[in-house]
Amino acid sequence: MTWISVKDEMPPDDLMRVLFCWRNEFGKHRTALGRFIRARTEESQNDDCDGDCADCSWGDMDDNGQCWKIEGWYEEPHESEYYYNIFSKVTHWARLPAPPE
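Sequential numbering from 2 applies to the sequence shown in the numbering used here.
Keep in mind that the hints were calculated from the coordinates and are not lab data.
Note that the structure is predicted; figures quoted are calculated from it, not measured.
Don't be surprised by glycine CBs; every beta carbon is placed ideally from N, CA and C.
Misleading hints may appear alongside valid ones.
[What the hints assert, rightly or not] Have a look at the derived ranges for each label pair, beta carbon to beta carbon: (1) GLN67 to ALA99: 18 to 28 Å; (2) ASN65 to GLU26: 35 to 45 Å; (3) SER89 to ALA40: 34 to 44 Å; (4) PHE27 to GLN67: 35 to 45 Å; (5) PRO101 to GLY66: 28 to 38 Å; (6) ASP9 to GLY66: 32 to 42 Å; (7) HIS79 to ASN25: 34 to 44 Å; (8) GLU26 to ASP63: 10 to 20 Å; (9) CYS22 to TYR83: 30 to 40 Å; (10) ASP64 to ASP9: 28 to 38 Å; (11) TRP4 to GLU77: 14 to 24 Å; (12) GLU80 to PRO101: 15 to 25 Å; (13) GLY66 to PHE27: 32 to 42 Å; (14) PHE27 to ASN65: 39 to 49 Å.
[What the hints assert, rightly or not] As a list, the in silico PhoX-like pairs of lysine-lysine whose alpha-carbon atoms are at most 25 Å apart: (15) LYS8 to LYS29; (16) LYS8 to LYS90; (17) LYS90 to LYS29.
Taking the hints into account, I'd like the entire structure generated from these sequences.
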């Protein structure tokens, strides 16, 4: 596995799962499974917004009132179908290895 700096390359749009890393507020490296979502490419599904993303940090409303996920890195928890935004500055990412046969 090779770590790729986000300064050099971002994951392609069709790559749904990658490992990514960042430093937390204490300077410790953290890694997570997830993906990068580009601006206005995926609808926001956060129930906390109650359909109004104007006051919601999880959404970006376009001129037609459509609520989109904000661009950024999203962690995929082990037992959830939702991705959670990582607000820390991600520095590197890596493709996942192929699963065993």
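Please name the hints from earlier in the document that this structure breaks, with their numbers sorted from lowest to highest.
1, 3, 5, 7, 8 and 9
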